[in-house]
Amino acid sequence: MCVICSRFASKLILQTDAETVKWLWKGPRDSADRDSRRVICTGQTMEDVVVEAFIGLKQVSFEPEHTAKLDNKYACFVDFEF
2 MCVICSRFAS KLILQTDAET VKWLWKGPRD SADRDSRRVI CTGQTMEDVV VEAFIGLKQV
62 SFEPEHTAKL DNKYACFVDF EF
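Here this note's numbering is used: the first residue of the sequence shown is 2, the next is one more, and so on.
Not one of these hints is a red herring.
Taking lysine-lysine pairs in the DSBU-like style, the calculated list, with each CA pair at most 35 Å apart, reads:
(1) K74 with K23
(2) K27 with K59
(3) K74 with K27
(4) K59 with K12
(5) K23 with K59
(6) K70 with K12
(7) K59 with K70
(8) K12 with K74
(9) K70 with K23
(10) K12 with K27
(11) K12 with K23
(12) K74 with K59
Note that these hints are calculated values from the structure, not bench results.
Generate coordinates for the entire structure from the input sequences, incorporating the hints supplied.
The following block contains the structure:
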């Protein structure tokens with residue numbers, strides 16, 4: 002499983018995160034010991050970027066919250082049944 006919690010709501014940061022995940026995921030994805038689940042938590046305003054950069058992810062109802070109670074809404078995106 003790969004969990005990414007992007008600290009900055011930036012298209013460039015999320016695209017870089019996506020490239021890193023692709024690099025980490027090289028190899029046989031159907032191997033029994035390889036879990037292909039991805040979880041991305043970032044600002045809700047970044048939904049279009051997440052869906053474009055991380056193929057196969059969808060937003061789920063879980064809403065992460067920041068401990069400092071920041072005003073911006075957060076969202077969680079996954080590629081498995083949540």
